[in-house]
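Student: In the order they appear, the protein sequences are chains A and B.
Each residue of the first sequence is one higher than the one before, starting from 6 at the first, in the numbering used here.
Each residue of the second sequence is one higher than the one before, starting from 809 at the first, in the numbering used here.
For the record, the hints were derived by calculation from the structure and aren't laboratory data.
You may find that some hints are simply not true.
Said to hold, decoys possible - As a list, the in silico EDC-like pairs of lysine to aspartate or glutamate whose alpha-carbon atoms are at most 20 Å apart: (1) A/K106 x A/E73; (2) A/K190 x A/D232; (3) A/K106 x B/E974; (4) A/K190 x A/E19; (5) A/K76 x B/E834; (6) A/K158 x A/D36; (7) A/K190 x A/D170; (8) A/K106 x B/E962; (9) A/K106 x B/E834; (10) A/K190 x B/E834; (11) A/K106 x A/D81; (12) A/K62 x B/E834; (13) A/K190 x A/E73; (14) A/K158 x A/D188; (15) B/K852 x B/E834; (16) A/K190 x A/D29.
As the list claims (entries may be wrong) - Label pairs and their in silico Cβ distance ranges: (17) A/D170 x B/F1056: 28 to 38 Å; (18) B/R897 x A/P45: 31 to 41 Å; (19) A/A113 x B/M925: 49 to 59 Å; (20) A/D170 x B/L976: 34 to 44 Å; (21) B/I1051 x A/P45: 47 to 57 Å; (22) B/F1056 x A/Y253: 22 to 32 Å; (23) B/E959 x A/N186: 22 to 32 Å; (24) A/H134 x B/L847: 54 to 64 Å; (25) A/R215 x B/T951: 32 to 42 Å.
Ideal placement from N, C-alpha and C gives every residue a C-beta, glycine not left out.
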Amino acid sequence: MIEVSDLSQVFVAEDGGKVTALTDVSLDIADNEIVTIVGPSGCGKSTLLRLISGLIKPSGGSVVIDGETVKEPRADMGIVFQAPTLLPWATILDNVLFPLKMMGRLDAKATERAKSLLTMVGLGDFMQHRPRQLSGGMQQRAAICRALVHQPKLILMDEPFGALDALTREQMSIELLRIWNADKKTILFVTHSIPEAVLLGDRVVVMSPRPGRIAEIVTVPLSRPRDFESEEDPEFRRCCNRIRNLIYNPNLTAGARHA
Amino acid sequence: MHKYKKAIREIGIPAVTLLLLGCFWELSVKIFTIPEYLLPAPSKIWNDTTVLGWNLIHHIASTLRTIGLGFTLALCVSLPLAITIAYSRIMSVAIYPLLVLTQSVPKVALAPILIVMLGANDLPKIIVTFLISFFPLVISITTGLVSVPPEYIELARSVRASRVRELLSIRLPYAIPFIFSGIKVAITLAVVGAVVGEFVAAENGLGYLITSSMAYFKTPVAFGAILILALTSISLFQTVVLIEHFLFPWARPVERQR
């Protein structure tokens, strides 16, 4: 259970001026829920994710996970960044084991788990390869394994498929759903793709910029497990349209019902 | 086949050029009867230098020892210093101007003073070697440590890595290519440092061989010593290149794939 209450973030710019990146964001996320965050660039969606991760401290408000206020990154949390950020000197297997090594929890069982994770995402034959021998999509798969290897309860994903080509991207979202189905976790997923947000999320947090705040939280009534077929569903289109309207015509939808 | 052609081009052509230059040199000296003390012929240099035998080996060993000790000292001092500078803002502000100051002092000029301070033993020449080679090391290691992309640091923080683990697992490996470019500069400078030290105070070493033979106008021996120094410099540099290539293959420039 994640409770975000009245979160706000003010950055001090280089000229001394203040930029409000996020203001009065409140959000509750249940266990094993997938919540996607979508919005135009500059709406503070990445900032929100980083505040929840504990990588940065909020200017106001609080993030409470399982009754504990977040002050620093938690051990039961995994992050996937937009870039794979794999260590170029380490093999794919060592990269996946990196969090455990840093936490001093490396053992034979962990290595087995890392190997089975890699096999699950189709990298079984690439464990001893170096990151630069792999394509962007494969690198990001390895990065996802790295975020899962210490069996976190919460996965934070900051536009993880943003740098991938459109085809790989679609494939990766289905794969993520498959991973989640096999081993349920709470996932917070930032994206700038509306279909991706709807396909993955139980709820879609739509954010609006200047200052960053939640415009609306759209509940996605699609059944699980989901796949490409889900995109044919009228509910899928309705959700996409709703979000598109919120983003492109904020004035028309202002004050409208909360879905 | 293609590989052979490349090898011939990259090794064969420079070798032939050198050979031709040598012949030209030899012939010019013979034809224009240039006095030996001005410009000795390559054959004369070879004969006069090799005739020294074990004595020559002794000089080479002495110089290599000075280079080795001075350079190792530089590496041992610059690594912790660079880490201190990279991690502490205050230390960086405190040390950096001092570093630049030591760098702007001509080390060659320091040599005679060092002899008075440290005595007429091996220490002054080792210290001169150290002083000349440690600056590029500190600068390159520091640059490597602080130029780690913020994503990697964030990754380390997200998995709750301690500062020591962050240094050992992220910053130092990332700095390897930087460290090696510093080492490449420093190792060639160390040769210069050793020779300077031997010029000023030594009873052996190639630098001493140059000054002592020139005192008796034995120019061929001086030339021989200089050529050996050049070879030493090149071999040390190439050794560093090879070490980097084999120990840290991931640090090689990215080859075009597929």
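Student: Now look at each hint and say whether the structure bears it out.
Tutor: Right, here's what the structure says about each hint:
1. For the hint linking A/K106 to A/E73, the alpha-carbon distance of about 25 Å lies beyond 20 Å, and the restraint is violated.
2. Taking the CA atoms of A/K190 and A/D232, the gap is about 18 Å. The hint holds against a cut of 20 Å.
3. In summary, the hint linking A/K106 to B/E974 is supported, as the alpha carbons are separated by about 11 Å, within the 20 Å threshold.
4. Between the alpha carbons of A/K190 and A/E19 the distance comes to roughly 39 Å, so the proposed pair goes past 20 Å and is violated.
5. Only pairs whose Cα atoms come within 20 Å are accepted, and A/K76 paired with B/E834 is rejected, the gap being roughly 77 Å.
6. Between A/K158 and A/D36, the direct Cα distance comes to roughly 8 Å. Compliance with the 20 Å bound is thereby established for this hinted pair.
7. Taken as a hint, the A/K190 and A/D170 pair is broken in the structure, with Cα atoms around 26 Å apart against an allowance of 20 Å.
8. For the suggested pair A/K106 and B/E962, the alpha carbons sit about 16 Å apart, so the restraint of at most 20 Å is met.
9. Between the alpha carbons of A/K106 and B/E834 the distance comes to roughly 64 Å, so the proposed pair goes past 20 Å and is violated.
10. A C-alpha spacing of about 80 Å is found between A/K190 and B/E834, which places the hinted pair above 20 Å, so the restraint is violated.
11. Simply put, A/K106 and A/D81 have alpha-carbon atoms about 15 Å apart, close enough for the 20 Å limit, and the pair holds.
12. Only pairs whose Cα atoms come within 20 Å are accepted, and A/K62 paired with B/E834 is rejected, the gap being roughly 75 Å.
13. Taking the CA atoms of A/K190 and A/E73, the gap is about 18 Å. The hint holds against a cut of 20 Å.
14. Of the supplied pair hints, the one linking A/K158 and A/D188 holds, its CA atoms being roughly 10 Å apart against a limit of 20 Å.
15. Between B/K852 and B/E834 the alpha-carbon distance is near 9 Å, which keeps this suggested pair within the 20 Å criterion.
16. Simply put, A/K190 and A/D29 have alpha-carbon atoms about 26 Å apart, too far for the 20 Å limit, and the pair is violated.
17. For the pair A/D170 and B/F1056, the beta carbons lie near 31 Å from each other, so the given range of 28 to 38 Å is met.
18. For B/R897 paired with A/P45, a C-beta distance near 37 Å keeps the hint of 31 to 41 Å intact.
19. At roughly 58 Å, the beta carbons of A/A113 and B/M925 sit within the given window of 49 to 59 Å.
20. Taken as a hint, the range 34 to 44 Å holds for the pair A/D170 and B/L976, whose Cβ atoms sit roughly 36 Å apart.
21. Between B/I1051 and A/P45 the beta carbons are some 50 Å apart, a value that agrees with the proposed interval 47 to 57 Å.
22. At roughly 50 Å, the beta-carbon separation of B/F1056 and A/Y253 lies outside the given 22 to 32 Å, and the hint is violated.
23. Between B/E959 and A/N186 the beta carbons are some 29 Å apart, a value that agrees with the proposed interval 22 to 32 Å.
24. Checked against the hint of 54 to 64 Å, the pair A/H134 and B/L847 passes, with Cβ atoms roughly 57 Å apart.
25. Checked against the given bound of 32 to 42 Å, the beta carbons of A/R215 and B/T951, roughly 38 Å apart, stay inside it.
Figure legend: structure checked against the earlier numbered hints; hints not met, in rising order: 1, 4, 5, 7, 9, 10, 12, 16, 22.
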